[in-house]
Amino acid sequence: MSNITITRRQNALALFQAYAEKALASGAAPKGLEQAFAATLEISPSMWSQIKSSRPIGDKLARQIEQHCGKSAGWLDQERATEAVSQSEQQFLALALTAWRATNSDGRKALRAHLREIAG
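For the sequence shown, the positions run 8 to 127 when the working numbering is used.
If you are wondering where the hints come from, they were derived from the structure by calculation, not from laboratory data.
Heads up, some of the hints might be wrong.
Here are the simulated lysine-lysine pairs, DSSO-like style, with alpha carbons at most 27 Å apart [stated by the list, open to error]:
#, residue 1, residue 2
1, LYS59, LYS29
2, LYS67, LYS78
3, LYS29, LYS78
4, LYS78, LYS38
5, LYS38, LYS59
Work out the full structure, taking the sequences as your base and the hints as a guide.
Set out below in structure tokens:
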């Protein structure tokens, strides 16, 4: 997988994260956010699902995503530094730390193994 493929996917996911956080902050229900984002991009929910997992984003689709998200042409192609930890990520980290501290050595090994399995 080329760097542009990874960069475009990471940036598209960052755009969805910003979209979801804004929608949730304005009182939208979490259910249906992915479909709404796909509609905003004028793609099918199925295509959005494929993009999130493995489908490369071609030049035409990249420009379409940028346009619908109010970004300049080429924005999706630029590597970005990891942004600050979001509120939901902070909540997850706090939960993970609580779980880590609440268990013994065997529990920590199991937790670590599970996270590695999920991360692939």
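Legend entry - 27 Å Cα cutoff - pair LYS38, LYS59: Holds. LYS38 to LYS59 sits at ~17 Å (cutoff 27 Å).
Legend entry - Hint consistency between LYS59 and LYS29 [alpha-carbon to alpha-carbon, up to 27 Å]: With a Cα-Cα distance of about 19 Å, the restraint between LYS59 and LYS29 holds, given a limit of 27 Å.
Inset, instruction - Below or equal to 27 Å on CA atoms is what counts here, so check LYS67 against LYS78. - result: 14 Å, holds
Legend entry - Agreement of LYS29 and LYS78 with the hint, judged by alpha carbon distance not exceeding 27 Å: Holds, at roughly 16 Å.
Inset, instruction - Take the C-alpha atoms of LYS78 and LYS38, compute the straight-line distance between them, and say whether it is at most 27 Å. - result: OK: LYS78 and LYS38 at ~26 Å, within 27 Å.
The structure meets every hint from the earlier list without exception.
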